[in-house]
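Asks: For reference, the chains in residue letters:
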Amino acid sequence: MATVVTPRGRQHVDRLDRIWTERPGLLGWLTTTDHKRIGILYFFTALAFFGAGGVEALLIRTQLIGPNNHVLSPAVYDQMFTMHGITMIFLFVIPMTTGAFGNYLLPLMIGARDMAFPRMNALSYWIFLCSGIFMYVALVTGHAPNAGWFDYVPLASKQFDPGTNIDFYGYGLIFNGISSTAAAINFIVTIFKLRAPGMSLNRMPLFCYAFLAVAFALLFALPSLSVATLFLELDRQLGFHFYDAAHGGDPLLWQNLFWIFGHPEVYIIILPAFGIATAIIPTFTHRKMVFFPLVALAEILVAFLGFGVWAHHMFTVGFATLTTVYFAAASLIIVIPSAIQLFAWIATIVTGTPEFKTPMLFIIGFIVYFIIGGLSGITVAAIPFDQQVHDSYYIVAHFHFVIFGAAVFPILGGMYFWFPKVTGRMYHEGIGKLSFWLTFLGTLVTFFPMHIVGLLGMPRRNYTYPPGLGWSVLNFIETLGSYLLAVGLVMIVANLFVSRFRGPLAGNDPFGGDTLEWSTTSPPPAYNYPVIPTVTSPYPMWDSDDRERDNRRLDRGEGLLELGHETPATTVQDAVADEILSMPSHSIWPMAAALTMAGIFAMLLLGHYLIALGFLAAGGLTLIGWHHKGAIA
Amino acid sequence: MGLVLSGCGKQSILSTRSPQAHNIMLLWWWMLAAAVIVFLGAVGLLVLAWFRRGTAGLPFFGERESVPEVMVVLFGVAVPVVALVALFGVSNVYLIKQTSPPDPRTTPMTIDVIGHQWWWEVRYPGTSAVTANEIHIPIDTRVNVVATTADVIHSFWVPALNRKIDMIPGRQNRVLMYASQAGEYRGQCSQFCGLEHAHMSMYVFAQRPAEYRAWLANMASRSRAPTAAAAQAGRALFMSNQCASCHTIAGTPAQGLVGPSLTHLATRTTLASVTIPNTPAELAAWITDPQAIKPGNRMPELGLSRGQVNELVAYLETLR
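Those protein sequences? They're chains C and H, same order as listed.
Sequential numbering from 1 applies to the first sequence in the numbering used here.
Sequential numbering from 1001 applies to the second sequence in the numbering used here.
Quick caveat, the hints were computed from the structure, so don't treat them as lab data.
A virtual CB, placed ideally from N, CA and C, is assigned to each residue, including glycine.
Do not rely on the hints blindly, as some may be mistaken.
Unchecked claim - Residues on chain H that point at chain C, a partial pick, calculated with CB under 7 Å:
{"hint": "1", "residue": "1012"}
{"hint": "2", "residue": "1039"}
{"hint": "3", "residue": "1077"}
{"hint": "4", "residue": "1096"}
{"hint": "5", "residue": "1171"}
{"hint": "6", "residue": "1198"}
As the list claims (entries may be wrong) - Here are some chain C residues pointing at chain H (derived, C-beta under 10 Å):
{"hint": "7", "residue": "156"}
{"hint": "8", "residue": "252"}
{"hint": "9", "residue": "290"}
{"hint": "10", "residue": "332"}
{"hint": "11", "residue": "349"}
Work out the full structure, taking the sequences as your base and the hints as a guide.
Replies: Structure below.
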């Protein structure tokens, strides 16, 4: 049930409004530390990069529509498929799930008023934006990275790729990694310390478990990528030999370091999707998740076990048989927590009374495609089979089913699901369903034939192919599928855009949701909740007694924390109220710090090391400004 | 699916000509069957959910929570564990023995394949036979392929015969090549290696032993000087122009190592790593403008006149 504001409660609400509402206009957005505004900034930026990555994909598919085509030269094609991968992974999916969905929803779901570190949250966004612009300057100037998103050496070494292309990659990813590392720290501390009193760990929504797992995975995976790219740039700029076999180095060091990051990365990509699914399913099936504790445990296990399997991307490099067999065994073990979750979702849908509204349709699509992608993944844990299909379109099919089918579908469903909460208006349901079917069909027609063309021997990353090998018709079909998919995606965005202005008012809780964000207004006020919520289960909105208690407390003026920008901190396990935190409000320092970092990386790229040091000093000054005692009101 | 089921396709993993590739294919069909059963079962449950969307709980079992919980443990843990252990045993304990690098004592023959951007150098140790982009082997013979690289990482893959193996600087990787049937088998580089990765294919010719021996003997021989005038002019052009700085023709001053050996060019069925057929017209087009056919490859435009190109082609056509 929703918050009811009595005339007596109104004075408290007004006071909270005055304390928390941010500056209007552009300056307000540039200096925001409000997790909801940061989430919205992330959303639109990530969406723009999704469009860019999508255009790159359409160009690739158009080049491959027929054999020996001449739409793109090999040099441009190589930049296209490299930027497609980099954009979709680092500039779309991670920022969209962690930055947009995570930032906006996490504090709301745990009953807090903001993230633990609001200014660092803003910093994460500005670094993301700057790192994305950094990468796209490369594309616009014709020097985009061109050795694939996993950038194997020696192809990516100075000898074979002497221009700045790979330097954009190396510096760009280190820069982008700072954003996600800071975000991960923020998520962990927020989830552990800022949950509403009473929300002990076993009463935390499954969405939060997924994001906790993601945050830990990011924290431990990113350093490996940063080390790998640091070594790459040391080799390229200063003549080091980390990856140089002729001087005692090893190209396989790059592969190992990259995939030690790269494999956890794909679980980082998919876990938030699991979290979104576990938020949508209970709502639309009108029942609690089957076997909640096992599902929560499985979410954590997937992230943890994901660190032990990386060399299954390297089954053809010539490791000893025992080594490959170990990694295959570990990869098969990971199937178990994924299967547990899959059957828990299915069991919840079967035993509930599902309503197949648009968000739920996307979750059904997600489940179907997760099964297909998961099954093809299991087949490549059979090492001899992988050693046939590795680096062919069979693998391209596998990862697009799990990344697009299984990670993006919940994002699309989540966009529909939380659209009423964020905007206050309802989307158009009929167009929503149509947009689902077009997207579902487009995905199937684009990616399913890739399994076949891979079995027929078509390698990946080829800018063209000859006729007569059985590949032409399948490629043609795939390209048509990609155009259909594009139409479906545009329809989703158009539906939401038009509904933003013309949709009917949605109210607080149009779907009967189970988590706390549905108790507050749509959109939420700047302070999220007038009363710090009472929580006694993982489905707070279905505990009407608790919600009534909150309404009475608002009337009586209890538990409001209205003396400043305040939110409670609680203990890690049992969420016993611990202290009151004083939160910062609007600040220019996060953007300033991000800009100095952009300067550092730009100067490193151009080889102006002294000026880079200058920007580093400027960065130091912004940190001083940031931490100056008067900064928090 | 028809294409797949008929096993057609010149580079298909489902058109197998060796016991290793054949067993991998069998593994694939079994895995596919199991996957289809799992998929239909899970989707069947979703279809059930659709039909029973107005009623909570399960047919027969009602709303007892223990039943779906048991279902989760059964289908999420128990059944997968059994299936995956079986898969692991069959593929990663048993079959992997056949696809691992062969014990050198079991391979009477070795071939060195060296990956280059964007062509395959093929050497027959113990002989002076050197060729490019075509490998000949005798049928029913276990051949040890030693895969290395001269520059970046490539990957050696002939799907009809066996799994792929990467070619990595500083490493000597090995893979077994065994053909149980005579024929020609297409292969392609399978690790992105730069601009013309898409045009780095090769053919393996499995031949009856007598044919193979004749081929090898010819490969080991040096080129003979041409007799026809045009060909002689072409030879003189080749030696005095840039050609000799990149290409080798055994028995001549041309000892370049940048590009493929041309000693027996006229015996090959294709040019530029299976990019174009090996005919005089295509060869002339290649020499005239290699960048138009394979943009980014290492052979420059030579600025030759049409007459000069024809003389070169006349000479190269004598290199049998």
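Asks: Please go over all the hints and tell whether each is borne out by the structure.
Replies: Verification of the hints:
Evaluation of the residue 1012 of chain H hint against chain C yields a held restraint, the C-beta minimum of about 5 Å falling below 7 Å. Below 7 Å, beta-carbon pairs count as interface contacts, and residue 1039 of chain H has one with chain C at about 6 Å; its hint therefore holds. Residue-level restraint check for residue 1077 of chain H holds (minimum Cβ-Cβ distance to chain C is 6 Å; threshold 7 Å). Hint status for residue 1096 of chain H relative to chain C: holds, with the closest Cβ pair at about 5 Å, below 7 Å.
With a cut of 7 Å, the hint placing residue 1171 of chain H at the interface with chain C holds, because the nearest CB-to-CB distance is about 6 Å. A least Cβ separation of about 4 Å between residue 1198 of chain H and chain C falls short of the 7 Å threshold, and the interface hint therefore holds. A hinted interface residue such as residue 156 of chain C counts as satisfied when its beta carbon comes closer than 10 Å to some beta carbon of chain H; here the least separation is about 9 Å, so the hint holds. This hint holds: residue 252 of chain C has a C-beta 7 Å from the nearest C-beta of chain H, less than the 10 Å allowed.
At about 5 Å, the closest approach between the beta carbon of residue 290 of chain C and any beta carbon in chain H falls short of 10 Å, and the interface hint on this residue holds. Of the supplied interface hints, the one on residue 332 of chain C holds, with its beta-carbon coming within about 5 Å of a beta-carbon of chain H, less than 10 Å. Contact between residue 349 of chain C and chain H, as hinted, is supported at the beta carbon level, the nearest pair being about 5 Å apart and thus within 10 Å.
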